[in-house]
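Following the hints, put chain B in place on chain A, whose structure we already have.
Heads up: the sequence lines are chains A and B, in that order. The opening position of the first sequence corresponds to residue 1 in our numbering, with each subsequent residue numbered one higher. The opening position of the second sequence corresponds to residue 1 in our numbering, with each subsequent residue numbered one higher.
The set of hints was computed from the structure by calculation and includes no laboratory data. The beta carbon of each residue, even a glycine, is placed where N, CA and C say it ideally should be. Just to be clear, a hint being listed does not mean it is correct.
Unchecked claim - For each label pair, taking beta carbons as the anchor points, the in silico distance ranges come out as:
hint, chain 1, residue 1, chain 2, residue 2, range
1, B, Arg184, A, His161, 54 to 60 Å
2, A, Asp223, B, Gln18, 41 to 47 Å
3, B, Arg223, A, Ser28, 49 to 55 Å
What the hints assert, rightly or not - Quick list of in silico lysine to aspartate or glutamate cross-link-like pairs, EDC-like style, CA-CA up to 20 Å:
hint, chain 1, residue 1, chain 2, residue 2
4, A, Lys389, A, Asp336
5, A, Lys23, B, Asp67
6, B, Lys285, B, Asp237
7, A, Lys206, A, Asp250
8, B, Lys34, B, Glu14
9, B, Lys285, B, Asp267
10, A, Lys350, A, Asp362
11, A, Lys206, A, Asp281
12, A, Lys23, B, Asp237
13, A, Lys141, A, Asp195
14, A, Lys23, B, Asp267
15, A, Lys389, B, Glu14
16, A, Lys364, A, Glu293
17, A, Lys136, B, Glu194
As the list claims (entries may be wrong) - Sample of chain B residues lacking proximity to chain A, with all beta carbon distances greater than 10 Å (derived):
hint, residue
18, Gly53
19, Leu65
20, Ala71
21, Ser89
22, Ala158
23, Pro247
24, Leu287
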Amino acid sequence: MHEKREMNDRPRNGAGDAPPPDKISLLSAALALPGLAATLLSTVAATLPALLSSAAQAEEPPDHSAIDLKYLYYHDYQPGEGRMRISAPSFHLLAPFADRWSVETAIVVDAISGASPLFHDTLSGASGLGVNDLRKAGDVKLTRYFDRGAVGMQFAYSTEHDYVSRALSVDARLSTPDNNTTFTAGAGHAEDDIDSVNLVARGQHKRTTDLLAGVTQVLTPNDIIQSNLTYSIGHGYYSDPYKAIDVRPDHRDQFAWLTRWNHYVDAVDGTLRLSARYYHDTFGIRALALLTEWVQPVASWTITPSLRYYTQGASDFYRDPPFPQGFRIGEPYSADQRLSAFGAITAGVKLAKSFAGGWRADFKAEYYEQRNDWHHLFGSDSKPLKPFKAQFYQVGLGKDF
Amino acid sequence: MASPAEVRIDAASEGAAQHAFGAIQREVERIETKYSRYRPDSVLSDINRNAGGDPVALDEETAALLDYAAACWSQSGGLFDITSGVLRSVWDFKRNRPPRPEEVDAVLARIGWQRVRRGARSSASPASIALEAGMEIDFGGIGKEYAADRAMAAAVDAGIRHGFVNLGGDIRVIGPQADGRPWRIGIVHPRDPERTIAHLELGEGGLATSGDYERFFEFEGRRYCHLLNPRTGWPVDGPQSVSVVAPLCTVAGSCATIAMLHGDGADAYLREQGFAYLLIDRDGKILQESLPR
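Next comes chain B alone, as it looks inside the complex:
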């Protein structure tokens, strides 16, 4: 993974710990290999390469991830769209200036989950997907979070009951510390990422944070962050950061991302979801709801 990963477990013996670490690492690497957009041999690259061509047959896991992506798309009114990654071709966050509006408009024609044709699995054929020419999908906002949940499952299979998996800030708790205390988790300060702005305590479940500080630049006095609205092609403008606690890391991650994409409507969206959250609004004010602490 391109992000730092951390696994902390309490195990009965050194051998058990080593065994569990191995299982976790294998599972995370399996998912990384399968869904990386940087690897030409990944399932994802295969789907993208065939855009404009014949439908690509899907294994069960990939079909399930696409179903989940579809649910996120519907639930967010199209804000969460796994076809929006092509905007990266015009938004270069190293260049420090926004693209011209006509450049963005040209890319919008290649975005839209509603244009993706999917074949359901039947007794005669597997599930399939077909992208129009020029379209691409990626699992940003889902893949790493799913890997954290799956890694937790691998740890439980290996007999682990205490610990957590942290994949670049997307955290899935396996269980509380061996003495029953919850893990203490710091939330990164969105305007000073070397410091924390808050902490919470988690003994189970998932936590993910989405923020406007992961990649951004400032141009003529305004901030352009990497979270792009797929309808407009332009960066969202709203909270600095959203952290969500949910039973699964996958849900926490997509929920936090969708909230950010709602801009100033993030708080209203989060309230409807019913999960605990911590939102840092555009002015740096902390809003929170039923956080465990």
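Bound conformation, chain A alone:
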């Protein structure tokens, strides 16, 4: 009651009484603002392709600590439609400790604005709220090294305003006495909770278990080849709650086979990296990704041009828009472009330079283009959508200790 009196019984400010309200039209007053009178005359679901592949793992205990700061900028566009921009600062720390251990942690914050796949086209709220989606992700990995192998355990956590994901994984590596062959095995489990903003998906879950087996073989002093198989079993909510009609099976098994070959060329001190990845899942999607990179050191610089080709076939229940073409009550249905047949090419170049005192700097630029008529291998009849293009720029600064 005391405070209530303060709020209402102090009707005064510096120069006496305020005026009684005047019945003027704010609209006619605002029309006097320059340019505003003239203004009275007068479905976008951009998707973020998963382009950022994870880095290769170190084979030996690191002999130094490293800190890396990176800033990623991304924007995409489709002719005649909206676009999405992402800027993502990230932080990465790697530190050995107690002789045979290392700890690694990474934190990334993505601020996404633009044509995000919201059920609503946009939001109105008090200032500072509404249109942005912030993804915060972090992970920590602890590794114990042995004479001929290593065991690692990783915990990852990621959250968006409508999504929380927790994942725990373990992996082990074991090398033969001659160190020419390394076997890898891993297992992981992820639990995701989904609470969509539009209340379509409330308290939904997804559980995924992954298994990995792989082998790395040194063929010659200049050639190394690696092959990994992963199998993942998932149950839960896979539909897109922000699409008006999107009904997907509640079960998805995924299989992937990745093979990489690195070839070092003495004459030019450069390395050719080739990789191929085949993917198949119970949604009926088959995909192939081919990547080629050339790593060329020049004095304190390293230049890495790269080219990636990706193609996928449509899922069994993908139907071309417009709804309700192909829709049957009780059967899975999606018009999500990510489930359609398409092909994509990514071309990029990375420049890295090392400086005195352990400093490193790098810059990476990538161009991505996706078209429905590039589904060369797993062709089906997805209706051609507009080509989708994106550019990425990433700058990084790091220091070794």
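Chain B in isolation, oriented as in the chain A frame:
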């Protein structure tokens, strides 16, 4: 801008879209640069720095914005007062406790649009403004909304007919989606800002929301929000949130802010204005008037 911004347009070609985005961005940044209170080189900082000194000459756009601020002040009976920002010196919303009444009273002496001296433009001299020593102005509640309207004008100049501009929740629609459907706009839930409480559909015009949840703290069981009554120096106590649809975003924004400043009189004030609105009262009940949906 300190707030997130979003622009969505349907354009005839990628080139046209890029061109329009550039024009919109330049216009928003121009206004931000000119009227930011955080930038020492802004027109606003120049006016504030000269408080107690000689009158500051005004360009046409600034003079027009001050005229509009004056209209808001008159229409609201002094509730909307662009000199009230100095209350921020005693209301620290990070400290989580209210200032002492005598601290607030001391600041009230530096508030009052009626004490601002303005010189009208004549053939001999430009328009001018003079603040008394210790006074400050800012364009909170007008600037971002004006920028949204101007950005829409820039888009139209660039040939765009379909899209919207959203500057931190202050929205100006350029035109409906290319297929003629209106844009679907969610209204943020004032007690759970990660969710929406309602939606409406807009094919033209402006929409702005003012709420008690932008900055606030709770102390001894009551909520203190950032919307301060310039006469008392204390936070308003009334609706949780007001959203207004008006032909211009500038009007929607000031109308929503003034409604909030009216406290429990918000609904009566909004009825007089004749614009569509959505009001969430202190108990969370939704009151609405002729909303497009």
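Taking the hints in turn, this is what the structure says about them:
Restraint check, Arg184 (chain B) to His161 (chain A): a C-beta distance of roughly 19 Å breaks the suggested window 54 to 60 Å. The hinted range of 41 to 47 Å is satisfied by Asp223 (chain A) and Gln18 (chain B), whose Cβ atoms lie roughly 45 Å apart. Our hint of 49 to 55 Å for Arg223 (chain B) and Ser28 (chain A) is violated, since their Cβ atoms are close to 35 Å apart. At most 20 Å may separate the alpha-carbon atoms for a hinted pair to count; Lys389 (chain A) and Asp336 (chain A) meet this at roughly 17 Å.
Annotation: proposed proximity of Lys23 (chain A) to Asp67 (chain B) holds, straight-line Cα distance about 16 Å (limit 20 Å). Simply put, Lys285 (chain B) and Asp237 (chain B) have alpha-carbon atoms about 15 Å apart, close enough for the 20 Å limit, and the pair holds. As the CA atoms of Lys206 (chain A) and Asp250 (chain A) are separated by approximately 9 Å, the hinted pair is consistent with the 20 Å bound. For the hint pairing Lys34 (chain B) with Glu14 (chain B), the CA-to-CA distance comes to about 30 Å; that exceeds 20 Å, so the pair is violated.
Distance check on the hinted pair: Lys285 (chain B) and Asp267 (chain B) sit about 12 Å apart at the alpha-carbon level, within 20 Å; holds. Note on Lys350 (chain A) and Asp362 (chain A): the hinted pairing holds, with a Cα-Cα distance of about 7 Å set against a maximum of 20 Å. Among the hinted pairs, Lys206 (chain A) with Asp281 (chain A) is consistent with the structure: their alpha-carbon atoms are about 16 Å apart, no more than 20 Å. Distance restraint check for Lys23 (chain A) and Asp237 (chain B): the Cα-Cα separation of roughly 24 Å exceeds the 20 Å cut-off, and the hinted pair is therefore not satisfied.
Between Lys141 (chain A) and Asp195 (chain A) the alpha-carbon distance is near 28 Å, which puts this suggested pair outside the 20 Å criterion. Restraint check for Lys23 (chain A) and Asp267 (chain B): satisfied, since their Cα atoms lie roughly 16 Å apart, inside the 20 Å limit. Between Lys389 (chain A) and Glu14 (chain B), the direct Cα distance comes to roughly 10 Å. Compliance with the 20 Å bound is thereby established for this hinted pair. Under the criterion of a C-alpha separation no larger than 20 Å, the hint pairing Lys364 (chain A) with Glu293 (chain A) is consistent with the structure, at around 13 Å.
Pair hint Lys136 (chain A) plus Glu194 (chain B) holds up; C-alpha atoms about 15 Å apart against a cutoff of 20 Å. Once the 10 Å rule is applied to beta carbons, Gly53 (chain B) is consistent with being away from chain A; the minimum gap is 18 Å. The claim that Leu65 (chain B) lies off the interface is violated: its Cβ sits roughly 7 Å from the closest Cβ of chain A, which falls inside the 10 Å cut-off. Taking the minimum C-beta to C-beta distance to chain A, about 4 Å, the non-interface status of Ala71 (chain B) is violated against the 10 Å cut.
Distance check for Ser89 (chain B) against chain A: the nearest CB is about 14 Å away, which clears 10 Å, and the non-interface claim stands. The Cβ of Ala158 (chain B) sits about 13 Å from the closest Cβ of chain A, beyond the 10 Å cut-off, so the non-interface label holds. For Pro247 (chain B), the shortest C-beta to C-beta distance to chain A comes to about 6 Å, within the 10 Å cut-off, and the non-interface label is violated. No Cβ of chain A comes within 10 Å of the Cβ of Leu287 (chain B); the nearest lies about 17 Å off, and the non-interface call holds.
Hints 1, 3, 8, 12, 13, 19, 20, 23 from the list above are not met by this structure, while the remaining hints are.
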